[in-house]
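*Asks:* Here are the chains, one letter per residue:
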Amino acid sequence: MEQGTTKGRATGTYRVKRGLAEMLKGGVIMDVVTAEQARIAEESGAVAVMSLERVPADIRASGGVARMADPARVEEIMEAVSIPVMAKARIGHFVEAQILQSLGADYIDESEVLTPADIAHHIDKWAFTTPFVCGARSLGEALRRIGEGAAMIRTKGEPGTGNVVEAVTHMRRMNDEIRRAASAGEDQRMALARDMQAPIELVREVAELGRLPVVNFAAGGIATPADAAMMMQLGCDGVFVGSGIFKSGDPAVRARAIVEATTFFNDPQIVAKVSRNLGEAMVGIEIDDIPPSQRMQERGW
Amino acid sequence: MTGAPAAVVGVLALQGDVREHSRMVAAAGGVAAEVRLPADLEGIDALIIPGGESTAIARLARLYGLIDPLRRRIESGLPTLGTCAGMIFLASGVTGESQPVLEVLDMVVERNAFGRQNESFECSLAVDGWEEGIHAVFIRAPLVESTGPEVEVLAEHEGRPVLVRKGNVLAAAFHPELTDDLRLHRMLIGMTGKDREG
Chain A
7 MEQGTTKGRA TGTYRVKRGL AEMLKGGVIM DVVTAEQARI AEESGAVAVM SLERVPADIR
67 ASGGVARMAD PARVEEIMEA VSIPVMAKAR IGHFVEAQIL QSLGADYIDE SEVLTPADIA
127 HHIDKWAFTT PFVCGARSLG EALRRIGEGA AMIRTKGEPG TGNVVEAVTH MRRMNDEIRR
187 AASAGEDQRM ALARDMQAPI ELVREVAELG RLPVVNFAAG GIATPADAAM MMQLGCDGVF
247 VGSGIFKSGD PAVRARAIVE ATTFFNDPQI VAKVSRNLGE AMVGIEIDDI PPSQRMQERG
307 W
Chain B
231 MTGAPAAVVG VLALQGDVRE HSRMVAAAGG VAAEVRLPAD LEGIDALIIP GGESTAIARL
291 ARLYGLIDPL RRRIESGLPT LGTCAGMIFL ASGVTGESQP VLEVLDMVVE RNAFGRQNES
351 FECSLAVDGW EEGIHAVFIR APLVESTGPE VEVLAEHEGR PVLVRKGNVL AAAFHPELTD
411 DLRLHRMLIG MTGKDREG
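Here the protein sequences line up with chains A and B, keeping their order.
Numbering-wise (our numbering), the first sequence opens with residue 7 and increments by one.
Numbering-wise (our numbering), the second sequence opens with residue 231 and increments by one.
These are computed hints drawn from the structure, not numbers from a lab.
Keep in mind it's a predicted model, so treat the numbers as computed, not measured.
Check before you lean on any hint, since a few could be wrong.
[To be verified] Covered by chain B, according to a simulated footprint, are these stretches of chain A (three or more residues, beta-carbon under 8 Å): (1) 40-54; (2) 88-101; (3) 137-143; (4) 249-256.
[Unchecked claim] Derived SDA-like pairs (lysine to any residue); straight-line CA-CA distance at most 25 Å: (5) K13(A) - H365(B); (6) K13(A) - V383(B); (7) K13(A) - L267(B); (8) K396(B) - E349(B); (9) K13(A) - L293(B); (10) K396(B) - V324(B); (11) K424(B) - R390(B); (12) K13(A) - V324(B); (13) K396(B) - E327(B); (14) K424(B) - E382(B); (15) K279(A) - H365(B); (16) K13(A) - E327(B); (17) K13(A) - A236(B); (18) K279(A) - D295(A); (19) K424(B) - D411(B); (20) K424(B) - A343(B); (21) K13(A) - T409(B); (22) K13(A) - A343(B); (23) K13(A) - D358(B); (24) K424(B) - V324(B); (25) K424(B) - G326(B).
We treat Cβ as the ideally placed atom computed from N, Cα and C, and that holds for glycine.
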């Protein structure tokens, strides 16, 4: 090629969409409601912020229909920080997603934290330039979302509880199912795909890679540095912290501690050091105390 | 060269696409070693600063005492490759920002110079001295605003430098580690003198 020339420029390709998630690995993505919170998150070392109307703990407490954030709030947050800004749309609400794309959000989270807009269909994510992240509780659910175009996956956990048990359950289940797919022969893979209701091509890809073909973060109930380090040791690529930071006694201090514990997840001395004197963690909720109809992880399929 | 020890390539692992660079190092004939603390710099023959969020990487590097040891090793000749955030980290200045940088490569860079994620793209680029161009993936990428006299520009995009070299330091605004093109990683390993394939 001749010096100084460029050929075949393409935006919104699947590689470009997955690529941004690859750059977020080993980092912490924090839920923020205001520009001020976004600045605190960035200064604390967040790799991205997630813009939403109310954090999951408040959605859980006040009830009602939870929707995409006001576009003016999303724009204020985009103005306030230089790191990527993600924003949540309701499951199946493709117009909220179109709005977020038009605002220039860097990633769209089609999220069970908000009230679903469609009980049967998730958004056709291939139709967008902006990449999507989606929640999953199992390998089959993750591969259905990837089949719809998701470029990043996170565990669902149980948002707004400050209780990590469901995120652990979902991560362990996904790891088990990936191991099963990797050890299955080609002659068993179609039956596996049928059982987990996932596209066969993606089951093959998982079997060959020994992991998901996209980045997989932990989310839903992470409240302490130790929670974050545990999820990293279980093999996730990074963590989302929703209510855990801005519902705690000292958000900036806790945010910094969770960032350091995520980088040094294999070094208990550092995790111990950053866990000292963090003030009050958010108040936790027992999963059994939440009626099944109010469990956010049951939303979507 | 069979039997010679492989080059150990440290990959700064504070945050970012460490796994992709480690995979490329292994495919190019080196051994990857993750670097998180100053002690991890001992015994490495080359260094990669990966893509990621430059603000997050710089903050952790400062907090854990990595800036001075990294600068000393690179200034004393450690072959180094930085991609995207890594390019920003190596620069002598960042337009409009005061974030700490290593200042080992005489150039000023602009962060997120192409815009937000919707403007991220891939394309083929010509590289000085290469017959075949490189497939370049730009993710919320930086651009080089200006370079010092000794900085060699190896590739440009729309008239702005995106691949530069000065002595032992190589920096790309794009991500060779998101493709299977091993040439830049081979170039880095070649600089160590432990190039088993060469």
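*Asks:* Take the hints in turn and mark each one as holding or not.
*Replies:* Right, here's what the structure says about each hint:
Figure legend: the region 40-54 of chain A, annotated as covered by chain B; annotation consistent (5 residues with Cβ-Cβ distances under 8 Å, at least 3 required). Evaluation of the coverage hint for the region 88-101 of chain A: fulfilled, as 3 residues show C-beta separations to chain B shorter than 8 Å, against a requirement of three. Given a C-beta distance limit of less than 8 Å, the hint that chain B covers the region 137-143 of chain A is violated, as 1 residues qualify and 3 are needed. Taking a C-beta to C-beta cut-off of 8 Å, the region 249-256 of chain A contributes 0 residues in contact with chain B, too few for the three needed, and the coverage statement is violated.
Using a Cα cut-off of 25 Å, the hinted pair K13(A) and H365(B) holds, with the two alpha carbons roughly 9 Å apart. Under the criterion of a C-alpha separation no larger than 25 Å, the hint pairing K13(A) with V383(B) is consistent with the structure, at around 19 Å. At most 25 Å may separate the alpha-carbon atoms for a hinted pair to count; K13(A) and L267(B) exceed this at roughly 41 Å. Taken as a hint, the K396(B) and E349(B) pair is broken in the structure, with Cα atoms around 29 Å apart against an allowance of 25 Å.
At most 25 Å may separate the alpha-carbon atoms for a hinted pair to count; K13(A) and L293(B) exceed this at roughly 41 Å. Between K396(B) and V324(B) the CA atoms are separated by roughly 18 Å; this keeps the pair inside 25 Å, and the hint holds. A distance of roughly 33 Å separates the Cα atoms of K424(B) and R390(B); the hinted pair therefore is violated under the 25 Å criterion. Using a Cα cut-off of 25 Å, the hinted pair K13(A) and V324(B) is violated, with the two alpha carbons roughly 28 Å apart.
Between K396(B) and E327(B), the direct Cα distance comes to roughly 23 Å. Compliance with the 25 Å bound is thereby established for this hinted pair. Under the criterion of a C-alpha separation no larger than 25 Å, the hint pairing K424(B) with E382(B) is consistent with the structure, at around 24 Å. Between K279(A) and H365(B) the CA atoms are separated by roughly 44 Å; this puts the pair beyond 25 Å, and the hint is violated. Between the alpha carbons of K13(A) and E327(B) the distance comes to roughly 32 Å, so the proposed pair goes past 25 Å and is violated.
Annotation: proposed proximity of K13(A) to A236(B) is violated, straight-line Cα distance about 36 Å (limit 25 Å). The hinted pair formed by K279(A) and D295(A) fails the criterion: a straight-line CA distance of about 33 Å is larger than 25 Å. Between K424(B) and D411(B), the direct Cα distance comes to roughly 20 Å. Compliance with the 25 Å bound is thereby established for this hinted pair. Taken as a hint, the K424(B) and A343(B) pair is broken in the structure, with Cα atoms around 36 Å apart against an allowance of 25 Å.
Between K13(A) and T409(B) the alpha-carbon distance is near 16 Å, which keeps this suggested pair within the 25 Å criterion. For the proposed pair K13(A) and A343(B), the alpha carbon gap of about 19 Å is at most 25 Å, so the pair holds. Restraint check: the Cα-Cα separation between K13(A) and D358(B) comes to about 15 Å, which is no more than 25 Å; the hinted pair holds. This hinted pair does not check out: K424(B) and V324(B) have alpha carbons roughly 34 Å apart, beyond 25 Å.
For the proposed pair K424(B) and G326(B), the alpha carbon gap of about 40 Å is over 25 Å, so the pair is violated.
Hint compliance for this structure: hints 3, 4, 7, 8, 9, 11, 12, 15, 16, 17, 18, 20, 24 and 25 are broken, all remaining hints hold.
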